[in-house]
Amino acid sequence: MLKATETENMGHVRRTPLFPLVAKGLKYASGERALIDGLSLEIGETTRTVILGPNGAGKSLLLRLLHGLLEPDAGSITWGGEAMSGEVQARQALVFQRPTLLRRSALANLTFVLSHLPAAERTTRAHELLAAAHLEHIAATPARLLSGGEQQRLSLARALAREPDVLFLDEPSASIDPAATALIEKMIANAADDGTKIVLVTHDLGQARRLADEVVFLHQGRVTEVTPAPEFFSRPRTDPARSFVAGRLVL
Amino acid sequence: MTDFSSIFGLALGLVASGDGELYAIIALSLRVTLTAVAIGCLVGLPLGAFLAVVRFPGHGAVTALLNAFMGLPPVVVGLVVYLLLSRAGPLGVLGLLYTPTAMIIAQAVLVTPLIAALARQSLSDLHGEYDELFQSLGLSTRRKMAALIWDGRYSLSTAALAGFGRAIAEVGAVIIVGGNIEHVTRVMTTAIALETSKGDLALALALGIILMTLSLAVNAAVLSLNRTARRLAYA
Amino acid sequence: MSRKLLAGIAAALVLASAGAPARAENPFIVVQSTTSTENSGLFKHLLPMFTAKTGIDVRVVAVGTGQAIKNAENGDGDVLFVHAKKSEKEFVAKGGGVKRFDVMYNDFVIIGPKADPAKIDGGKDATAALKKIAEAKAPFASRGDDSGTHKAELKLWEGAGVDVKAAGGDWYRSTGSGMGATLNTAAGMGAYVLSDRASWSAFKNKADMKIAVEGDKKLFNQYGVILVNPEKHKHVKVKEGQMFIDWLLSVEGQTAIRSFRIEGEQQFFPNAEQTAMKKAG
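Residue numbers (the numbering used here), protein chains in the order written: chain A, -19 to 231; chain B, 1337 to 1571; chain C, 42 to 322.
Just so you know, the hints here were simulated from the structure itself, not pulled from any lab data.
Treat the hints with care, as some may be off.
As the list claims (entries may be wrong) - In silico lysine to aspartate or glutamate, EDC-like type, Cα no more than 20 Å apart, as pairs: (1) 192/C to 166/C; (2) 85/C to 306/C; (3) 111/C to 131/C; (4) 247/C to 1339/B; (5) 247/C to 304/C; (6) 165/C to 199/C; (7) 85/C to 1357/B; (8) 7/A to 67/A; (9) 196/C to 166/C; (10) 192/C to 255/C; (11) 4/A to 62/A; (12) 7/A to 205/A; (13) 165/C to 176/C; (14) 245/C to 1536/B; (15) 173/C to 257/C; (16) 251/C to 1355/B; (17) 85/C to 1536/B; (18) 245/C to 1339/B; (19) 247/C to 176/C; (20) 7/A to 22/A; (21) 251/C to 166/C; (22) 155/C to 287/C; (23) 85/C to 1355/B; (24) 247/C to 1357/B.
With the hints as constraints, model all of the structure from the sequences given.
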């Protein structure tokens, strides 16, 4: 993808720096149960960050808090020192675990988020995005009739259509087959190479190994460690992470 | 009393006779009701979408009120519209009383809350599904409403049909504001009321059968169009 | 957004009005009248003659006399054509109408089930018959809608010395609806009922009911016509409305009224004053 030139073409100006992303003392509870419990975290710009952890660690929730879909009960999140704002959110995109697609054609799902472009460019750009996601042949197909893998690719293509500075992904390949997963991971890697910050949540060790530059390990609503990927997989620093990497039940 | 087979015969005979007066009455019924439903959709769908998308203090009260207004008694609506449009009323200068426009207004008042309430219901469900995506995309309320109405259009046609059914079958409001004037404001329902009051129950029933057939035809047409379009769009 | 919405609604209304039938081109007047004149078919008989002569369409709103007078008071009509002389005179006295003219009369009849539980069949005295109905506690269906017929009925009960209010819900049943609906109700429950003769003659759901009492002077039913006062309601179409009234009172109009028949029987008896007739004749 030719992100730099395209960005110029669209007249986007890179604004104030978003990083570091800093979360301090985040708390989020559902009823009595603290799901995120005093979580602190700092994420820099240049890496592909994978948030790893067992089921129920609070990974998806953390992603929603960072993206601003949920308000924490306590604590703060700042982007480059600034609080979350509409403008900051507009520079991010999130790919949901279960793709939420509009009841429209694949193409229309993309043009929907390209409304800032003139109508003609909108279609051209949408077709480019479809091609990049290997979906060109089903442009006119209703999105809801696509296979799981196609739906997730479309969902990812739609997120990329916004040209985000930060791309959040919530277990993007949790329910699709290995071949489809490979395509998704390729798209993610391409986006990262184009300079998009990737923050990906997964419990899939293999995927984490393939994509991560650094690993944030989450356990019981807290970050137990933030470690460069090679080091994390060879020598995790904390017990829960060691158990997880070894494929044992994390207690 | 006359038996039903002869009433069906009478209804068929009326339709087959090509009676211009009958067709004019049918045409007026359709014109008044379809226009009222169009206005009801124009107001009710955005209103329903707004309530599905936006939370505000008093939201529950507004929704409850809207739901209650689904059951507005036609006679009361007719009376209120009469009082507004009467020469002695605030809008009397417009001279709209006893015209089809007055009937359209009354029926629009009658069906708008119904369409809005049904739209809110079905769009709330859809919004539940789209909410996080909309938030993530940072959409304006207006775009959210538009997207919901567009994507929910097939289920919304049911709301429009409900409005149509309520309006086409309604007599209490149109007879007050229309006056049931021959050739001017006489529609199917007021014609039925008139024939009943003349004691011509067979003719009244025959007209009733024609009205029901008409209503059935409109419903069937919309539903089949709907099904075809839906299959093409996303199945 | 709301401006666009209003524009849309206005457009819808205009579109709907544009499709209106071409007959709206004629000048027209609105006549507030009663169900008896409309349902009996009298207007169907009269109006084409008037329209042919003058090119004026007459739009009849047929409701009970009480409601017709209220509507006329509100200015929702050009001419009032009803049958409750006392109320009509009050209407003129209060400035609602210009002047009241007698047009025609017919009579009321007491209709009853053929079984005749109150034994009044063939009687000539209306009040005596009502007394018998009250004594027998035979069901009686009343209009109860402040119409001309209802007012006439109440006057007859008063003459009979029967307090119908006390009997309400018992044998005296107030339907609160028009003549036709009340006749249907009476037919359904085998009740006695007071009706104007024209409505009864034109009524098709007679079931097993027949005229029990007729011919009493007290059953006389006078119709009057009044132009709604233009000083009170500026929009009243004085010229066209007056033309309609003049025509009704003219020899031509009176003859037309006389010639209206249901099953060969004359229904309305013209009795406009000679002076008025000469003026318009």
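Hint by hint, here is what the structure shows:
no. : hint            : result
1   : 192/C to 166/C  : holds (18 Å)
2   : 85/C to 306/C   : holds (16 Å)
3   : 111/C to 131/C  : holds (12 Å)
4   : 247/C to 1339/B : holds (16 Å)
5   : 247/C to 304/C  : holds (14 Å)
6   : 165/C to 199/C  : holds (18 Å)
7   : 85/C to 1357/B  : holds (14 Å)
8   : 7/A to 67/A     : violated (24 Å)
9   : 196/C to 166/C  : holds (14 Å)
10  : 192/C to 255/C  : holds (18 Å)
11  : 4/A to 62/A     : holds (13 Å)
12  : 7/A to 205/A    : holds (18 Å)
13  : 165/C to 176/C  : holds (18 Å)
14  : 245/C to 1536/B : holds (5 Å)
15  : 173/C to 257/C  : holds (16 Å)
16  : 251/C to 1355/B : violated (33 Å)
17  : 85/C to 1536/B  : holds (17 Å)
18  : 245/C to 1339/B : holds (15 Å)
19  : 247/C to 176/C  : violated (25 Å)
20  : 7/A to 22/A     : holds (16 Å)
21  : 251/C to 166/C  : holds (17 Å)
22  : 155/C to 287/C  : violated (43 Å)
23  : 85/C to 1355/B  : holds (17 Å)
24  : 247/C to 1357/B : violated (26 Å)
Checked against the numbered hints above, the structure violates hints 8, 16, 19, 22, 24; every other hint is satisfied.
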